[in-house]
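Quick note, the sequences are listed as chains A and B, same order. Reading the first sequence from the start, the letters are residues 1 to 287 in the numbering used here. Reading the second sequence from the start, the letters are residues 1 to 143 in the numbering used here.
Where hints are given, some of them may not hold.
[Claimed, not checked] Only pairs whose alpha carbons sit at most 30 Å apart, straight line, appear in this in silico DSS-like list of lysine-lysine: (1) K8/B <-> K26/A; (2) K14/B <-> K216/A; (3) K61/B <-> K44/A; (4) K14/B <-> K26/A; (5) K36/A <-> K8/B; (6) K36/A <-> K14/B; (7) K264/A <-> K14/B; (8) K21/A <-> K104/A; (9) K255/A <-> K61/B; (10) K44/A <-> K14/B; (11) K61/B <-> K258/A; (12) K8/B <-> K21/A.
By construction, these hints were calculated from the structure, which means they are not laboratory data. All of these numbers come straight from a predicted model, not from anything done at the bench.
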Amino acid sequence: MIIDIHSHPVLLDVINDSPEKLEFRKQQFGVYKSGKLPLDFALKLMDDAGIDKTVILGEDYSADSAMPLVSNDEIRAILDAAPGRYIGFAGADPRKEDAPSELKRAFAELGLSGLHLNLSRTRLSVQDERVRALFQVCSDFGKPVMLHAGYSWKPDTPSSYSEPILFEDAFIDFPKVRFCLAHMGWPWWEETIMLLMKYPNVYADTSTVYMDSPTKWFRQLFSVSMDIDWLQNSFADKVMYGSNMPRWRQVRSMKGLKDLPLRKDVLDAVLGGNAQMFLGKETIDER
Amino acid sequence: MNVKLYEKQLESSKEFELIIISDEVRAAVKDSGIKNGMCAVITQHTTTGIMVNEGLPCVEKDIEILLDRLVPYDYPYVHTHMLPSYGTCAGNSPGHLKSLLAGNHCIFPVIDGKLVLGHAQDIYFAEFDGLQRRRYYIEVMGE
Numbered sequence: 001m002i003i004d005i006h007s008h009p010v011l012l013d014v015i016n017d018s019p020e021k022l023e024f025r026k027q028q029f030g031v032y033k034s035g036k037l038p039l040d041f042a043l044k045l046m047d048d049a050g051i052d053k054t055v056i057l058g059e060d061y062s063a064d065s066a067m068p069l070v071s072n073d074e075i076r077a078i079l080d081a082a083p084g085r086y087i088g089f090a091g092a093d094p095r096k097e098d099a100p101s102e103l104k105r106a107f108a109e110l111g112l113s114g115l116h117l118n119l120s121r122t123r124l125s126v127q128d129e130r131v132r133a134l135f136q137v138c139s140d141f142g143k144p145v146m147l148h149a150g151y152s153w154k155p156d157t158p159s160s161y162s163e164p165i166l167f168e169d170a171f172i173d174f175p176k177v178r179f180c181l182a183h184m185g186w187p188w189w190e191e192t193i194m195l196l197m198k199y200p201n202v203y204a205d206t207s208t209v210y211m212d213s214p215t216k217w218f219r220q221l222f223s224v225s226m227d228i229d230w231l232q233n234s235f236a237d238k239v240m241y242g243s244n245m246p247r248w249r250q251v252r253s254m255k256g257l258k259d260l261p262l263r264k265d266v267l268d269a270v271l272g273g274n275a276q277m278f279l280g281k282e283t284i285d286e287r
Numbered sequence: 001m002n003v004k005l006y007e008k009q010l011e012s013s014k015e016f017e018l019i020i021i022s023d024e025v026r027a028a029v030k031d032s033g034i035k036n037g038m039c040a041v042i043t044q045h046t047t048t049g050i051m052v053n054e055g056l057p058c059v060e061k062d063i064e065i066l067l068d069r070l071v072p073y074d075y076p077y078v079h080t081h082m083l084p085s086y087g088t089c090a091g092n093s094p095g096h097l098k099s100l101l102a103g104n105h106c107i108f109p110v111i112d113g114k115l116v117l118g119h120a121q122d123i124y125f126a127e128f129d130g131l132q133r134r135r136y137y138i139e140v141m142g143e
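Extracted from the complex, chain B is given alone in its bound form (with noise of 0.2 Å):
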């Protein structure tokens, strides 16, 4: 089995915001050679996730305002102090918790060398803590 292992970055413009990633994965995908296999992405964060829906702005708009419902900004949470350790405040519990939610990795076929997704579907890449820069993913395994 062959394994191809791509690190992609991209930067967040919003503190909220669904990127699509659907290109990238694709060209990774052939850029890797492999024909017949499973390609996984991955991101390396946890405030982040890596999602796959329909890329509608009503869509992104509805995801946007259920987490907003199930983790709202301004809340009791316990990861919200100063930490010693890194010597800054922990002000991002929305979005470990968003993360949670989103999960932070994707699989999807690779059949004939190519990325099988449904006709709707896409790829994002969830940010829920920006804007910061971002690492992710993408990993190609097979024949």
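Bound conformation, chain A alone (with noise of 0.2 Å):
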């Protein structure tokens, strides 16, 4: 099974009903000049590169925006227009007061798999109590985090909130939480794999093509500046493939990474085996 870790659905149609919501997200996300999605194109990108399932970010930031980037409601009506295509993961803004009980909500009623944070753009401490909080309810509920580590292409998102060592207090105190630090944490990409093997809980996400072709940036990041049997002997089951849809087309961050010299087994965890442990079995058995 293919999986896609780590894409955007602020521009599919099933929750764009109105130019002025496309607008909006556009301008927060900052994809200025894309246009509507339609889902039934969409899933035929999905298919062109052979993706079975593709993970879907909810976004909330509307402790000082007009609403939510993406909510939990329109993930999940993502998730019912195209049974069986996409897992959800929830959105929650630490700064508002219900945030917890509104990531319960999207956990226990909308069944949504996991929580999306980006620390850079609600300028808050991975040690903010009101982060923690929202920690805790994924321990409680056994949800993985998938956490904006590094470089975001964002306005307003400093990246000093999520250099990847800051979060390491957090893998230790959550220990049956699953983090991934999207990007690879990019441009610390050292941190990052030092963290991928000190804990068992921390996995990383390949959605980090920032310049070059993805077939340069990937040899470039995996085999110049790190050994490539780093990956195939240290980490490669902590490594998932991630495209970063919409900023990179999924069919062609996928071939860079496999014009890598990697082992099968290696490419095969990158591309999906790594994600459904991620996810966990009762993620993949529902969907």
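Put the two chains together into one complex; each comes in its own frame, and the hints tell you how they fit.
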């Protein structure tokens, strides 16, 4: 099973029923010239890349914006519109008093499968009690967390809140929670791979192509900056394919990984096996 | 002189795809009612082309191989980075360059109300950056 662990549904037609909503999302997410993406076409793009399931990330920064970037109910609506193709992660703005209860509702009532947080956007420390309260909900429900890490292309997102090493205490304090360091934590990929090796509950995803073609970028990251055997032999069970759709087309980002000189078992793990472990058996079975 | 403009849509299903649109162009010429003049077929995009060639799979494959040889997929293109104005990555330089080679339009005579094509000629919408939803114009001009 091939899984894209990191995509943003901001352009999907299912949730953009007015020009105002679409424009709000384009400005907030920073995809200024993109148009609405019809769901049936998004599914064709998945099929073209051979992707069985894509994780769609909810995002909520409504403490300082008009509405969630993608609300939990909207994530549910997308899941219902394309049964079996998407896995939904909730958003919750830690700055809002009702964030823990909203997250519980997303898990218990909406059936969402994890939490997505971008602490650069909320400008909160991972040690903030309001953030830790959300991790506790994830621990209680056995749900994983997608943590934005490193560089963010969104407007108004200082990177200093998302340096991977800052998250280390959370990995220790919430050992039952599986965390994903998005984007390999780039440019702090050395911190990321240290954390991958040290903590069994920490994963990372490949939604990290910021320069060059995916083929050239992944070659540089995994076989020049690193030795390819570091990935193959030291954290092959921790890195997950993520596209960062709509910033990169899925088929192209995946080609960059397939062009690496990886053993088949490692490539299979990166393209889906590791995501199944991160998401948990329950999530995979129920979809 | 009369001018009739038609906007057509199609959906490509592959990164590289040659889609024959000869029948669509013939139909537009017929619908226009124009008896003698010219017909222009023009793509709206910068990673597609309009081409004429013989509609044979072997010829189409040779065109694909030639363009891939001239414009390889993996090359240190300049147009390969995050684009601040888009918020997305520029990963389609080969499409832009193949579009340049193919050209964005073709022109055909219209005589006695019919599109004039050579017996081996077909008109192609050439996709170099699929999958995408695409648009092109057919403009018929004359009397």
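Right, here's what the structure says about each hint:
| no. | hint | in the structure |
| --- | --- | --- |
| 1 | K8/B <-> K26/A | 27 Å, holds |
| 2 | K14/B <-> K216/A | 22 Å, holds |
| 3 | K61/B <-> K44/A | 24 Å, holds |
| 4 | K14/B <-> K26/A | 27 Å, holds |
| 5 | K36/A <-> K8/B | 19 Å, holds |
| 6 | K36/A <-> K14/B | 20 Å, holds |
| 7 | K264/A <-> K14/B | 25 Å, holds |
| 8 | K21/A <-> K104/A | 26 Å, holds |
| 9 | K255/A <-> K61/B | 22 Å, holds |
| 10 | K44/A <-> K14/B | 10 Å, holds |
| 11 | K61/B <-> K258/A | 24 Å, holds |
| 12 | K8/B <-> K21/A | 28 Å, holds |
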